[in-house]
Amino acid sequence: MTDMSVPAMTDRTKPLDRARALAAFKLGDSTFYWLTRASALIVLCLLGGIIISLIVGAWPAIKTFGLEFLVTRRWAPQLSPSPVLGALGPLYGTVVTSLIAMLIAVPVGIGIAIFLTEFCPPMLRRPVGVAIELLAGIPSIIYGMWGFFVLAPFMTEHFMPAVIATFAHVPVLNVIFAGPPSYLSLFNASLVLAIMILPFITAISRDVFQTVPPMLKESAYGLGCTTWEVVKNVVIPFTRAGVIGGIMLALGRALGETMAVTFIIGNSFQISGSIFSPGTTISAAIASEFAEASGVHMSALILLGLLLFVLTFFVLAAARLMLARLQQQQGK
Amino acid sequence: MDLSKIFRAAVVATATATASLSAQAAEITGAGATFPYPIYSKWADSYKSETGNALNYASVGSGAGIKQIQAKTVTFGATDAPLTAEQLTKDGLAQFPMVMGAIVAVVNLEGVKAGELVLDGKTLGDIYLGTVKTWDDAAIKKLNPSVKLPSAPITVVRRSDGSGTSFNFTDYLAKANADWKSKVGVGQAVEWPVGVGAKGNEGIAGNVAQTKGSIGYVEYAYAKQNNLTYASMVNAAGKTVKPTMAAFQAAASNASWKAEDGFYQILTNQPGEASWPMTAATFILVYKDASDKAAVAEALKFFSWAYEKGGKSAEELDYIPMPANVVSLVKAMWAKDVKTK
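So the protein sequences, as listed, match chains A and B.
Residue 1 is where the first sequence starts when you use our numbering, and the numbers rise one by one after that.
Residue 1 is where the second sequence starts when you use our numbering, and the numbers rise one by one after that.
The set of hints was computed from the structure by calculation and includes no laboratory data.
Wrong hints could be hidden among the right ones.
Stated by the list, open to error - Straight line, CA to CA, 30 Å or less: simulated DSSO-like cross-link-like pairs of lysine-lysine:
1) B/K148 - B/K48
2) A/K63 - B/K48
3) A/K63 - B/K288
4) B/K301 - B/K336
5) A/K63 - B/K341
6) B/K42 - B/K341
7) B/K72 - B/K148
8) B/K48 - B/K242
9) B/K72 - B/K242
To be verified - Incomplete in silico selection of chain B near chain A, CB under 10 Å:
10) L129
11) T131
12) N144
13) K148
14) L149
15) P150
16) T155
17) S160
18) S182
19) V186
20) E191
21) V194
22) Y264
Quick reminder that beta carbons are idealized off the backbone N, C-alpha and C, glycines included.
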C-alpha cells in the first residue's frame, strides 16, 4: 500500500510540509525578533528605572532646596536642623576639569591618530597603536596614584610656580593661574583625565581615518595637496561624524570619572577662580561622602547624581544635534 | 518601604559584601571607625591565634558603622562620635567605650622635628579657618620663637568623608576657638572653609607625608606608623604638652563615665595641667536584643578578652586602655541589658 501511494502522498504532503517549514521559520524569526527586542527594551527599562530611583532618592533634597540647589555655593552638612547644600561647587569642578581635559586630549588624540594613519612608518604603527590601547586598559585608581605620587609633586614644585610667576601681572590670567599651588588641584585632575580619555579619541579617530578611501586621498595628492591639506580637506571632513563620536565618548568618560579624580582633586567644595586650587566634581563628591551621609545630605548626593545624569544627557544630545546639522550642511 | 531605605540598604550591602559573605562559623563581624582600626586588627590577630575565632572588622568610618549596625549587616558597629542616650533607646542599641586614643596635628615642614612645633587651639582653628595662611604668621611665630618657620603657604588637609576623628577634632576647635564655633561648628562632616579633603586617617597621613608645608590631623598611631611630624599643643590649663601616654591618660582620668547615658563622653579640651587636649574615646554599638544572639555573645567574648588582655598591645600602639572601674561598669551593663541567649 505504501508503495502505491508514494507518488500521491508526496504530491499531497509537499505543500503541507512547506507550510510547516515556513511556520517553523516564522516562529524562529519571531522568537529572534522578540529576543532582540527584549534585549533592547531591557536597556530602556534599566534607564527608566535608574532615572526613577534617582528622582525618588533625590526627592527630599529637591523638596528642601528646589532650584536654589543649582546656584548655592555652600556645602554645609553639619548645620542642624537643616543643612545648607548646593551643587555649584561640584558642577563647576565637573565642567572645568572636563573642559581642560578635552582642550588637551582632543588635539593630542587626533594628532596621534593622524600621525598613525598618515605619517607613521608601518613598523612603528602597531607598537604605538597597541600602547595607546593599553592606556585605556589601566585601572583608573592607578592613574590616580600616579597623579598623586608622581605628577602632583612635579607640577606643584616646578610647573605651577613658573606659570603663576609668568602671569602674575596679566589681568584675568593672574586669576585663572593664581597661587598658592596645591598638590591636589583642578588642573592636576584635568591632566590625569586628559591622559585617561586620550586612548578613546585616538583609537576611534584612527579607526575612522582608515576608512577614508585611498582613491580620495591619492586624488588629492595627485592634485598637489600637501599632507596637511589632505588631512584638513579630505580625511577630517570624510570622518567627521566618527571623530565627533569618539570625542563625545571621551567627554562622557571625563564627566563621570570618579576614582582617579577623587584621589587628586582635593575634594573641596570651595570655588576659586584659580585652576591650581583644589575643587571637587560631582562623582568625587558622591564617592567621598556617600558612605557617611544620611537624611537630606544623602538625598542631596543622589540629586547630584541625577544632575550628572542630566548633564551627560544634554552633552550627548547636543552632540547628536551638532552632527545632524553638519550632515545637513553637507547635503546642501 | 520607601526607596531611600532600599538605596541605603543596597549601599551598605555592597560596602560589606565581603564582611557579610563570610559571616559564618565563629567569625565576628563589625564595621565602623577607622580611628581604632590599627588596635582592633592587632587584637584580632592575637585573639585568633589564642582562640581560633576570627574578627572581621571593616574600617569604613564611624557614620558607615552606625548605618551598618542599623541595617543589621554586622554584629557590632564602631563609632568615635558616641550616640546620645535618646538615639540608643530609639534603635535598641547598647553602647560602650572600647579604647581611648589621641588625635594629633601633623605637619610636613623641612627641618622641624616631631614635637618641636607648638600650636594652641586658637591658632589651629585659625589655620583651619584659613585666617592664618602662612607658616611665618605672627600667631605661629609667637608660640614658636625658636623654630625656624618658612614663609610658605600652609596646605590644610582635612577629611573628605564623614568621620568620628573629624567630629572630635572640630569639637576641640569649637571649644578652643570662638570663630570656629560660630562659623563652622561641630560635626562628622562640616563645611571646611579651606584645604584639601582626603579619605580616612590613612588618606590624611598620606597627603601630609607627600605635601610640603601641609598640616593635617590624625589618630596618634597613624602619625607614629607613618613617621609624621606631630605638633605639641597648649592645653586648656595653658601648659604645653607633648602627645605621650601620660598626657592621654591625664585627659582620660578626668572623665566620669556613666552607663545610663550610654557612656556618652567627649574627652576634648579636658582640664588638668598634663592633659592632652585632643583625646577621644571610641565606642562599640551592639543590639540589646539582636536576632543572632550567639553572634553577639561571641562579640562580647572578644571585647571582654580585649579589656582583660589587650591593654598592653593597646599601649604599644599608643591607645589608652579603659580604666578597670569603667570596664566593670561596662560588664555590669552587658549583664543587665544585652541579651546573649
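Here is how each hint holds up against the structure:
{"no.": "1", "hint": "B/K148 - B/K48", "verdict": "49 Å, violated"}
{"no.": "2", "hint": "A/K63 - B/K48", "verdict": "50 Å, violated"}
{"no.": "3", "hint": "A/K63 - B/K288", "verdict": "36 Å, violated"}
{"no.": "4", "hint": "B/K301 - B/K336", "verdict": "16 Å, holds"}
{"no.": "5", "hint": "A/K63 - B/K341", "verdict": "45 Å, violated"}
{"no.": "6", "hint": "B/K42 - B/K341", "verdict": "28 Å, holds"}
{"no.": "7", "hint": "B/K72 - B/K148", "verdict": "53 Å, violated"}
{"no.": "8", "hint": "B/K48 - B/K242", "verdict": "35 Å, violated"}
{"no.": "9", "hint": "B/K72 - B/K242", "verdict": "41 Å, violated"}
{"no.": "10", "hint": "L129", "verdict": "13 Å, violated"}
{"no.": "11", "hint": "T131", "verdict": "15 Å, violated"}
{"no.": "12", "hint": "N144", "verdict": "21 Å, violated"}
{"no.": "13", "hint": "K148", "verdict": "20 Å, violated"}
{"no.": "14", "hint": "L149", "verdict": "16 Å, violated"}
{"no.": "15", "hint": "P150", "verdict": "12 Å, violated"}
{"no.": "16", "hint": "T155", "verdict": "7 Å, holds"}
{"no.": "17", "hint": "S160", "verdict": "4 Å, holds"}
{"no.": "18", "hint": "S182", "verdict": "12 Å, violated"}
{"no.": "19", "hint": "V186", "verdict": "7 Å, holds"}
{"no.": "20", "hint": "E191", "verdict": "4 Å, holds"}
{"no.": "21", "hint": "V194", "verdict": "7 Å, holds"}
{"no.": "22", "hint": "Y264", "verdict": "17 Å, violated"}
Hint check: violations occur at hints 1, 2, 3, 5, 7, 8, 9, 10, 11, 12, 13, 14, 15, 18 and 22; the rest are consistent with the structure.
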